[in-house]
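Student: Sequence order for the protein chains is A and B.
Under the numbering used here, the first residue of the first sequence is numbered 596, with each subsequent residue one higher.
Under the numbering used here, the first residue of the second sequence is numbered 3, with each subsequent residue one higher.
Hints are computed from structural coordinates only; laboratory data are not their basis.
Careful, some of the hints might be misleading.
[Stated by the list, open to error] Chain A residues, not near chain B, derived (Cβ > 12 Å throughout):
1. Thr646
2. Glu648
3. Glu656
4. Ala669
5. Thr672
6. Leu686
7. Leu746
8. Thr760
[Stated by the list, open to error] Facing chain A, from chain B, some residues (calculated, C-beta under 8 Å):
9. Ile31
10. Leu89
11. Gln112
12. Val153
13. Leu158
14. Asp211
15. Met231
16. Val243
17. Ser247
Even glycine gets a Cβ: it sits at the ideal position worked out from N, Cα and C.
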Amino acid sequence: MALSQSARNGWLLSAPALILLAVGAAGPLLIVVIYSFLTPGDFSGVEWTFTTEAWFRVFFERDIFDDTVSAADAHLTIFWRSLKLSLLTTLATFVVGFPMAWFIATQPPNRRAAWLFLITIPFWTNLLIRTFAILEIIRNQGLLNSFLLWLGVINDPLQILYTDTAVLIGMAYVYLPLMVLPLFAAIDRFDFKLIEAGYDLYASRWQVLRRIVVPIVRPGIVAGSILVFVPSLGAYVTPRILGGGKNMMLGNFIELQFGQGRNWPLGAALSMLLLVIVLTALLAYVRVTSSEGRQNV
Amino acid sequence: MSRRDFNIAAMPGFATIAIAAFVLLYMPIVTMVIYSFNASDSVALWGGFSLRWYAIAWENDFVKEATVRSLVLAASAAVIASALATLAALGTTRRKRFKGQTFIYVMINQPLMVPEIVTAVALLIFFAAIKKATGYTGLGYLILAHSAFCVPFAYLPIRARLEGMDLTLERAAADLYATPFQTFRRITLPLMAPGIAAGAMLSFVISLDDVIITEFVKSAGQDTLPTYMLGQLRRAVTPEVNAISTALLVLTVLMLTAFFLLTRKRG
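Put together the whole structure using the sequences plus the hints.
Tutor: Given below as structure tokens:
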């Protein structure tokens, strides 16, 4: 009864979408939390016995013979690789993406749309196709190795495929548009008169970039970084195709638990761990942007 | 004016890096397209121009089935997601902020925040239980999952469009004794149509693009084009995948171009 007519209509109109999302996306996450506290079934699935074993096994392992507990090195290696590759991907896309966004934003308006279109095509193109395209380039008989061999820089093809480098190249390649688009949006709003003012006050190019441009377009930088970091951390397709079986990332390790690993509770616990890390990053992002908003006021 | 801005804004090396990056961005895709017309069996050697791999993909019943399934799925998801997103956008814009609105935003944008692999795992567990209980293994699960993760992609452009519309015209219609339904049908809906079209197209492409959730949710024999390709990549890389990829790429570019032309004309 406290609800106004307007608020009630708001809820009623939103209800169908909320129900769909509750059934098809958000609700099942709660089931994952429950599954992470159950015992693995013999073949797959779970048995309904409560245990914290899955969570324990995320970080530690028990020796089969004498029950000594040690850190689960194999798991920690995978966590570390996921984190390292995601951070490097974010950095690489920023270093390449910032000049790209700047270049597009400083084009004359009639040409700007065309450049933006060129960046949106890869953005909309199937991730699998783009990963596959980069696979063709970096494999041993691929274009890159053929070119280097032809130049005479190397005598034998470089083994790039199925290494961490391949995963890094692939992720930077597929996620680059996610960095460029928010950066462009921020630079596009930037008032270039401020640069003129900076130069008038004898600032160097570097000072202008560092002291004027970067602080003002920071929301775009943060947004781009989050947009690249989050899918990188949960990446599945790119590491699976370019990293091969050995260089797993968290996403592939989770999948393994539901396939050959046959340990659904462990997979559920790992998924929740990934979710917590990602949500923490997003929360930090909201904090940073909202406190910045306050500073600017 | 713009010329002066351009000079002031010039940063040494930025244009070079940008152009090089654009070339690198397109080189793999262009290479793939070129090699899809390769006559040779090998993916590495050039054997002359031919449409052979397109013919082979076209003849392949798995590919045909997967294509139809992908398109049906994407169309269903686009229709459902944009319809529900339209309602939600009408409910959450152009009215006084109400309690729980933040919750609605978070729920709608949830698929953008949760890593896809986590949602995939959650749906696998949830649907496995339902499949066991009901025995139903049809396309319904995929349609449900795809519609759900398409909602935010449909919602964002529709909401942006609505926020740019003020209530003047609707008030004028009401002053002229239009019923609320008439106002909606004749004023609001036509005005927000470009946003809905944009949302539906975005959803269509996002659904067509999906690999992870589909791979986890699909029942046996329910491959979509992307999961079929992923399966092929696991075995051996054949030029057939090049041909399918190129066809999908052309579809995406065509839709994008149509979309840009459409919105340009209206806006």
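Student: Taking the closest pair, is the beta carbon of Thr672(A) still more than 12 Å from chain B?
Tutor: Check passes; 19 Å lies beyond 12 Å.
Student: Since Ala669(A) was said not to touch the interface, does its Cβ keep a gap of more than 12 Å from each Cβ of chain B?
Tutor: Given a closest Cβ separation of 19 Å, the condition holds.
Student: Should the hint that Ile31(B) touches chain A count as held when the rule is a Cβ pair under 8 Å?
Tutor: holds, 5 Å
Student: Would you settle whether the hint for Met231(B) is holds or violated, based on the nearest Cβ-Cβ distance to chain A being less than 8 Å?
Tutor: holds, 6 Å
Student: Is Leu746(A) truly not at the interface, in the sense that its beta carbon sits beyond 12 Å from all beta carbons of chain B?
Tutor: With a cut-off of 12 Å, Leu746(A) remains clear of chain B, as the shortest Cβ separation is near 16 Å.
Student: Grab the minimum C-beta distance from Gln112(B) to chain A and call the hint holds if it beats 8 Å, violated otherwise.
Tutor: Holds, about 5 Å.
Student: Should the label of Glu648(A) as a non-interface residue stand, given a Cβ cut-off of 12 Å to chain B?
Tutor: holds, 18 Å
Student: So, Val153(B) near chain A? Judge it on the closest CB pair being under 8 Å.
Tutor: holds, 6 Å
Student: Would you settle whether the hint for Ser247(B) is holds or violated, based on the nearest Cβ-Cβ distance to chain A being less than 8 Å?
Tutor: For Ser247(B), the interface hint holds, since the closest Cβ of chain A sits about 4 Å away, which is under 8 Å.
Student: Does Thr760(A) clear chain B by more than 12 Å, comparing its Cβ with all Cβ atoms of that chain?
Tutor: holds, 16 Å
Student: Restraint: Leu158(B) near chain A, CB-CB cut 8 Å. Satisfied or not?
Tutor: violated, 13 Å
Student: Would you assess whether Leu686(A), listed as outside the interface, keeps its beta-carbon beyond 12 Å of every beta-carbon in chain B?
Tutor: holds, 15 Å
Hint 13 alone, counting from the list given before, is not met by this structure.
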